[in-house]
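Asker: Each chain, written out:
Protein chains: 2
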Amino acid sequence: MSQPTVIIVGGGFGGLAAAKALKKTPAEVVLIDRTNHHLFQPLLYQVATAVLTPAQIATPIRGILRHQKNVTVIMGEVTGVNKDQKSVTVTDADRENVPIAYDYLILATGATHSYFGHNEFEEFAPGLKSLADAVSSRNKILQAFEIAEAEEDTSRHRDLLTFVLIGAGPTGVEMAGALAIFIRSTLKSEFRRINPASARIVLVDMGARVLASFSQDLSEAAKRRLERLGVEVRLGDRVDRIDADGIVVAGERIKSKTVIWTAGVAPSPAGKWLKVETDRAGRVRIQQDLTVPGHPEIFVVGDTAAFEQDGKPLPGVAQVAMQQGRYAAKLIHSRITNGKQPAPFRYFDKGNMAVVGKGFAVLQSHKVRVSGLGAWLTWAVVHLQFLATSSLRLAVFLQWVWTYFTGARGSRLIVNHHGSPPAMGVQDIPNKSAVA
Amino acid sequence: MSQPTVIIVGGGFGGLAAAKALKKTPAEVVLIDRTNHHLFQPLLYQVATAVLTPAQIATPIRGILRHQKNVTVIMGEVTGVNKDQKSVTVTDADRENVPIAYDYLILATGATHSYFGHNEFEEFAPGLKSLADAVSSRNKILQAFEIAEAEEDTSRHRDLLTFVLIGAGPTGVEMAGALAIFIRSTLKSEFRRINPASARIVLVDMGARVLASFSQDLSEAAKRRLERLGVEVRLGDRVDRIDADGIVVAGERIKSKTVIWTAGVAPSPAGKWLKVETDRAGRVRIQQDLTVPGHPEIFVVGDTAAFEQDGKPLPGVAQVAMQQGRYAAKLIHSRITNGKQPAPFRYFDKGNMAVVGKGFAVLQSHKVRVSGLGAWLTWAVVHLQFLATSSLRLAVFLQWVWTYFTGARGSRLIVNHHGSPPAMGVQDIPNKSAVA
Numbered sequence: 246m247s248q249p250t251v252i253i254v255g256g257g258f259g260g261l262a263a264a265k266a267l268k269k270t271p272a273e274v275v276l277i278d279r280t281n282h283h284l285f286q287p288l289l290y291q292v293a294t295a296v297l298t299p300a301q302i303a304t305p306i307r308g309i310l311r312h313q314k315n316v317t318v319i320m321g322e323v324t325g326v327n328k329d330q331k332s333v334t335v336t337d338a339d340r341e342n343v344p345i346a347y348d349y350l351i352l353a354t355g356a357t358h359s360y361f362g363h364n365e366f367e368e369f370a371p372g373l374k375s376l377a378d379a380v381s382s383r384n385k386i387l388q389a390f391e392i393a394e395a396e397e398d399t400s401r402h403r404d405l406l407t408f409v410l411i412g413a414g415p416t417g418v419e420m421a422g423a424l425a426i427f428i429r430s431t432l433k434s435e436f437r438r439i440n441p442a443s444a445r446i447v448l449v450d451m452g453a454r455v456l457a458s459f460s461q462d463l464s465e466a467a468k469r470r471l472e473r474l475g476v477e478v479r480l481g482d483r484v485d486r487i488d489a490d491g492i493v494v495a496g497e498r499i500k501s502k503t504v505i506w507t508a509g510v511a512p513s514p515a516g517k518w519l520k521v522e523t524d525r526a527g528r529v530r531i532q533q534d535l536t537v538p539g540h541p542e543i544f545v546v547g548d549t550a551a552f553e554q555d556g557k558p559l560p561g562v563a564q565v566a567m568q569q570g571r572y573a574a575k576l577i578h579s580r581i582t583n584g585k586q587p588a589p590f591r592y593f594d595k596g597n598m599a600v601v602g603k604g605f606a607v608l609q610s611h612k613v614r615v616s617g618l619g620a621w622l623t624w625a626v627v628h629l630q631f632l633a634t635s636s637l638r639l640a641v642f643l644q645w646v647w648t649y650f651t652g653a654r655g656s657r658l659i660v661n662h663h664g665s666p667p668a669m670g671v672q673d674i675p676n677k678s679a680v681a
Numbered sequence: 246m247s248q249p250t251v252i253i254v255g256g257g258f259g260g261l262a263a264a265k266a267l268k269k270t271p272a273e274v275v276l277i278d279r280t281n282h283h284l285f286q287p288l289l290y291q292v293a294t295a296v297l298t299p300a301q302i303a304t305p306i307r308g309i310l311r312h313q314k315n316v317t318v319i320m321g322e323v324t325g326v327n328k329d330q331k332s333v334t335v336t337d338a339d340r341e342n343v344p345i346a347y348d349y350l351i352l353a354t355g356a357t358h359s360y361f362g363h364n365e366f367e368e369f370a371p372g373l374k375s376l377a378d379a380v381s382s383r384n385k386i387l388q389a390f391e392i393a394e395a396e397e398d399t400s401r402h403r404d405l406l407t408f409v410l411i412g413a414g415p416t417g418v419e420m421a422g423a424l425a426i427f428i429r430s431t432l433k434s435e436f437r438r439i440n441p442a443s444a445r446i447v448l449v450d451m452g453a454r455v456l457a458s459f460s461q462d463l464s465e466a467a468k469r470r471l472e473r474l475g476v477e478v479r480l481g482d483r484v485d486r487i488d489a490d491g492i493v494v495a496g497e498r499i500k501s502k503t504v505i506w507t508a509g510v511a512p513s514p515a516g517k518w519l520k521v522e523t524d525r526a527g528r529v530r531i532q533q534d535l536t537v538p539g540h541p542e543i544f545v546v547g548d549t550a551a552f553e554q555d556g557k558p559l560p561g562v563a564q565v566a567m568q569q570g571r572y573a574a575k576l577i578h579s580r581i582t583n584g585k586q587p588a589p590f591r592y593f594d595k596g597n598m599a600v601v602g603k604g605f606a607v608l609q610s611h612k613v614r615v616s617g618l619g620a621w622l623t624w625a626v627v628h629l630q631f632l633a634t635s636s637l638r639l640a641v642f643l644q645w646v647w648t649y650f651t652g653a654r655g656s657r658l659i660v661n662h663h664g665s666p667p668a669m670g671v672q673d674i675p676n677k678s679a680v681a
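As given, the protein sequences belong to chains C and B, one line each in that order.
Following my numbering, the numbering of the first sequence begins with 246 at its first residue and continues without gaps.
Following my numbering, the numbering of the second sequence begins with 246 at its first residue and continues without gaps.
Check before you lean on any hint, since a few could be wrong.
Which copy? The list can't say, so a pair holds if one copy fits it or any two copies do.
To be verified - Taking lysine-lysine and the BS3-like style, the derived pairs with C-alpha atoms no more than 25 angstroms apart in a straight line are:
id	residue 1	residue 2
1	K269	K433
2	K433	K268
3	K433	K314
4	K385	K603
5	K265	K433
If you're looking for bench data, these hints aren't it; they were derived computationally from the structure.
Start from the sequences, fold in the hints, and give me the full structure.
Answerer: So this is what it looks like as structure tokens:
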């Protein structure tokens with residue numbers, strides 16, 4: 246009698262945590278991801294601002310799991326789930342819709358960015374959820390400076406050097422701070438015609454606060470810090486329009502060629518595949534043991550799941566995905582080995598952090614609220630710790646030390662990449678969304 | 246009276262050497278490159294085989310030249326030269342065909358790959374002249390393994406894992422050797438279904454020897470080494486056809502999804518811009534002082550120039566471009582300062598090297614012919630020395646040491662990049678050719 250098969254869809258925080266926790270389980274584990282790498286999304290904004298290179302925040306999944314002999318890693322895109330037959334259908338660059346059978350299924354497919362119904366915004370305001378996004382944004386930012394340097398009419402410089410970030414959650418705030426540092430420090434000595442100080446960074450959010458998920462006082466500390474860095478913070482106004490010339494917010498036109506969207510996320514299509522109940526955003530409603538009602542063999546974890554705790558939905562952060570992934574694996578292990586089942590899932594909130602430029606962060610954990618240099622050092626240590634491999638930790642640590650002292654960046658290359666070719670005979674694997 | 250303007254077109258080896266040599270010249274120097282970075286092309290094959298990351302072999306030109314206050318770096322594509330008006334026309338992402346006047350002009354625009362009239366090959370056999378090429382090749386190579394791993398029918402593995410390199414000059418040989426090492430070492434432990442040993446590398450050349458520019462005995466030593474690494478070397482046969490299924494060489498079909506072209510180069514269009522005499526390949530015939538006949542203010546250096554010494558044309562290698570770039574700058578300096586003019590240009594050949602896999606290289610310098618480990622260490626030291634900045638030297642050195650001992654690669658990411666968008670209102674800057 247062969248071992249049961251556990252399929253994990255997604256090699257992000259949730260999927261990877263689940264795979265690792267199945268290390269001693271007598272099962273065949275198949276992890277499917279549409280990319281070949283595990284991406285440390287919290288540091289994507291550092292690729293977009295040229296501090297880190299893609300290889301410093303992403304590493305091949307099969308590399309991370311190479312010592313787990315019960316795990317096979319497949320690069321492909323899951324296109325559907327057949328709950329009755331207990332199989333997923335997978336499409337890769339070579340074949341379409343191949344069914345793979347499972348005994349247990351963990352969907353950890355994450356989220357992509359959402360334009361709240363305004364999909365026409367996407368063409369002018371790309372998101373920041375994948376390496377391709379980050380490199381593309383980096384290209385646009387660097388290119389804006391190159392174009393301005395070539396433009397002898399200095400009155401045009403301000404428009405060319407206006408950067409707009411939409412969404413003042415952690416990603417937008419961190420991006421805005423990093424961009425301000427980038428412009429002030431690295432670029433100052435290298436341009437002859439432009440004054441990098443004439444660059445303008447605008448952070449827009451329709452809510453009343455930056456970092457709305459943090460406490461009021463930390464929100465205000467972060468906002469003050471951003472303003473000291475020269476960032477214009479526009480709160481409480483909705484963006485009406487985004488086009489080739491920039492944005493219109495509360496009736497006012499802000500000209501910009503570089504608009505980046507960090508305002509909303511939408512879950513993966515897991516809910517559609519399963520044809521089960523979802524919340525309003527499309528996330529799959531799961532039970533206290535993270536399974537789908539009526540299907541105890543199907544687990545959904547991370548950004549694509551909706552789990553309520555103490556009357557509130559859990560946020561779409563890495564820690565939730567990791568704890569849920571581990572839990573799902575433990576429950577599967579106990580079922581396969583007929584061991585003791587764990588208690589219902591409960592998320593342990595270790596806290597929230599966000600960095601604002603250099604040497605300043607805000608940190609909130611239960612009753613602790615800290616801002617400043619100490620929070621920043623803590624932020625650095627925690628992020629280093631959670632990078633997936635020791636070689637990444639070393640690489641990022643060295644890069645940060647080097648950049649901190651010299652201002653030199655990890656990668657300031659503008660590379661006009663060949664767009665990914667259509668897969669052979671198969672419709673394109675969409676390249677903008679990352680599987681969580 | 247304002248200073249004279251020297252325009253340098255191209256930020257590769259020739260252009261950069263010229264710019265640096267103009268450091269003390271009382272002139273305004275404008276360096277124009279279609280990318281923002283200086284690329285160390287000799288190590289491109291290491292990006293394609295995932296040893297190094299793009300940022301380890303390329304660095305922003307304006308970063309390298311930031312301390313030279315008389316140099317302005319512009320990112321744009323030169324579209325033509327007006328010899329009578331003494332101006333070049335430049336197109337960038339923002340504007341088309343803007344004229345920029347010069348008093349002296351140095352064209353260092355390099356070469357791109359040539360398909361000897363068979364441009365239809367390009368779609369299936371990309372070249373290796375730019376970072377975009379290298380990342381694209383790396384993606385294809387890694388993806389071939391991913392597809393094979395997902396393919397349960399193992400009889401299909403060999404076709405999926407056949408890699409064909411066309412052209413057995415230094416680039417092809419180095420690529421073949423590196424690919425063999427990559428497959429044998431790194432991939433062995435990470436795949437469950439495929440046996441990396443079933444991969445096949447075929448190196449094809451219509452000439453009779455690999456490394457034809459080296460001596461006979463070194464050619465043979467390199468060929469033997471390649472064969473020991475498991476590379477099939479096919480010499481003396483022309484490639485008749487390249488298509489989606491692979492190649493046909495001397496009537497025999499070799500199935501492959503991953504064909505890379507390193508067989509021919511063609512110079513940049515400098516000759517067409519200048520409307521002057523070129524050699525059969527299209528390179529500009531220059532005089533003993535590197536100027537264009539009848540135009541002592543126009544210099545052409547590097548791969549795009551044809552210079553005969555002792556009855557033979559100089560090869561298209563980095564050393565030639567660097568020495569010529571420096572010479573052109575010295576001559577311009579002497580004219581501007583009314584100083585002593587240098588003697589006619591003479592290339593000093595320091596020798597040739599090529600590495601074949603790990604721990605083996607061939608080295609030829611005047612009467613010295615060496616192969617093996619010593620040559621390999623020399624190769625490493627020399628390449629490190631010539632990287633453009635000390636931070637790159639350190640980064641590459643550390644990466645090589647790490648990879649040598651652990652087999653871990655610099656970057657094994659498959660990133661499906663967004664293709665570069667069309668420049669605003671301007672026809673695409675072609676992204677496959679590198680300016681030398």
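Asker: Which hints, by number, does the structure contradict?
Answerer: Checked against the structure, no hint fails, so every one of them is satisfied.
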